[in-house]
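Colleague: Each chain, letter by letter, is given below.
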Amino acid sequence: MEQLLNLKFKGGDVTELVDLVKTLGKLFYLGYEPILRFDEEKQETTDEVVGYEMIVVSEITKKPYKIKFDQLDMDFSMLSARDEVQLINPVVRFYQDSGALTQGSTISISAEKVRKVDKKQINSVPKSETVKQKA
Amino acid sequence: MQNEISAVYLKKEYLGNIYATGEASTRSIYLNGTRRQVRAYPVTSDKVSSFLVLAPVAKSEAHVELFQELSLKNERLMAISNSIGQGQNRNTYYEYVIFVDELNAKGEK
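Quick note, the sequences are listed as chains A and B, same order. First residue of the first sequence: 769, per our numbering; consecutive thereafter. First residue of the second sequence: 117, per our numbering; consecutive thereafter.
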């Protein structure tokens, strides 16, 4: 088949064309974890925090997703499990599959900040997908 | 940290109006673990030139006229792999395509 595609994205960045609302719908907070620096020489994880991963569940797919934050001044204390959250300046990257043709898609999502939308909570989040919230 | 997802939907305004630029051909792809026959349409648009749209055979037009405007339903981004060469010279490369649930010609053919 002829190759004539101009769909190319620098570094896989598809932020400007992805409809996140249609793809994931509302996002509900489950918890967060610090990202710790990995020492390449010692081949071990250090105690140094270099960012955070927030875990959310999608209203549409009902699956959990990890959102990366590079900022160290993140404050998740205002969030409770199942709060609806909004990502501020999200960046979405799309990755190519290693399957024979295609087995689905892989994305990574990062954001500058997160904002709590309101106190309304959902009941449709499967209990098995609830992540223990860190203090 | 990468997240698996079954569909990455696109904003309607990103592609603009879509026009066929050649005959559709048939491809066999794996979609979420299932092999499916799809039609592949070379297209262009107001905003992105020359890309490929894949649509289910049963939900797409077998023949479209050159530069005919097309109507798409549920556009989502997909990366598919292709191989060229044989043996040790075999190389795999990826291309981005748009997968849709339905593809129809707009207006009269």
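Worth flagging that the hints you see were computed from the coordinates, not collected in a lab. Check each hint, because a few of them may be wrong.
[To be verified] SDA-like, lysine to any residue: derived pairs with alpha carbons at most 25 Å apart:
id: 1; chain 1: A; residue 1: Lys790; chain 2: B; residue 2: Gln118
id: 2; chain 1: A; residue 1: Lys776; chain 2: B; residue 2: Asn119
id: 3; chain 1: B; residue 1: Lys189; chain 2: A; residue 2: Asp781
id: 4; chain 1: B; residue 1: Lys222; chain 2: A; residue 2: Leu775
id: 5; chain 1: B; residue 1: Lys127; chain 2: A; residue 2: Ile828
id: 6; chain 1: A; residue 1: Lys776; chain 2: B; residue 2: Ser199
id: 7; chain 1: A; residue 1: Lys776; chain 2: B; residue 2: Thr142
id: 8; chain 1: A; residue 1: Lys776; chain 2: B; residue 2: Lys128
id: 9; chain 1: A; residue 1: Lys776; chain 2: B; residue 2: Gly203
id: 10; chain 1: A; residue 1: Lys776; chain 2: B; residue 2: Leu126
id: 11; chain 1: A; residue 1: Lys776; chain 2: B; residue 2: Gly223
id: 12; chain 1: B; residue 1: Lys128; chain 2: A; residue 2: Glu816
id: 13; chain 1: A; residue 1: Lys794; chain 2: B; residue 2: Lys189
id: 14; chain 1: B; residue 1: Lys163; chain 2: A; residue 2: Asp838
id: 15; chain 1: A; residue 1: Lys776; chain 2: B; residue 2: Ala174
id: 16; chain 1: B; residue 1: Lys127; chain 2: A; residue 2: Asp841
id: 17; chain 1: B; residue 1: Lys128; chain 2: A; residue 2: Thr874
Colleague: Please go over all the hints and tell whether each is borne out by the structure.
Modeller: Here's how the hints hold up against the structure:
Proposed proximity of Lys790/A and Gln118/B is supported: the alpha carbons are some 19 Å apart, at most 25 Å. Of the pairs offered as hints, the one joining Lys776/A and Asn119/B holds, with about 20 Å between alpha carbons and a cut-off of 25 Å not exceeded. Among the hinted pairs, Lys189/B with Asp781/A is consistent with the structure: their alpha-carbon atoms are about 23 Å apart, no more than 25 Å. Our distance criterion of 25 Å between C-alpha atoms is met by Lys222/B and Leu775/A, whose separation comes to about 23 Å.
Note on Lys127/B and Ile828/A: the hinted pairing holds, with a Cα-Cα distance of about 17 Å set against a maximum of 25 Å. For the proposed pair Lys776/A and Ser199/B, the alpha carbon gap of about 18 Å is at most 25 Å, so the pair holds. Restraint check: the Cα-Cα separation between Lys776/A and Thr142/B comes to about 23 Å, which is no more than 25 Å; the hinted pair holds. Pair hint Lys776/A plus Lys128/B holds up; C-alpha atoms about 18 Å apart against a cutoff of 25 Å.
Only pairs whose Cα atoms come within 25 Å are accepted, and Lys776/A paired with Gly203/B is rejected, the gap being roughly 28 Å. Of the pairs offered as hints, the one joining Lys776/A and Leu126/B holds, with about 14 Å between alpha carbons and a cut-off of 25 Å not exceeded. Of the supplied pair hints, the one linking Lys776/A and Gly223/B is violated, its CA atoms being roughly 30 Å apart against a limit of 25 Å. For the suggested pair Lys128/B and Glu816/A, the alpha carbons sit about 43 Å apart, so the restraint of at most 25 Å is broken.
This hinted pair checks out: Lys794/A and Lys189/B have alpha carbons roughly 22 Å apart, not beyond 25 Å. Between Lys163/B and Asp838/A the CA atoms are separated by roughly 33 Å; this puts the pair beyond 25 Å, and the hint is violated. Taken as a hint, the Lys776/A and Ala174/B pair is broken in the structure, with Cα atoms around 29 Å apart against an allowance of 25 Å. Proposed proximity of Lys127/B and Asp841/A is contradicted: the alpha carbons are some 32 Å apart, above 25 Å.
A C-alpha spacing of about 21 Å is found between Lys128/B and Thr874/A, which places the hinted pair at or below 25 Å, so the restraint holds.
Hints 9, 11, 12, 14, 15 and 16, counting from the list given before, are not met by this structure.
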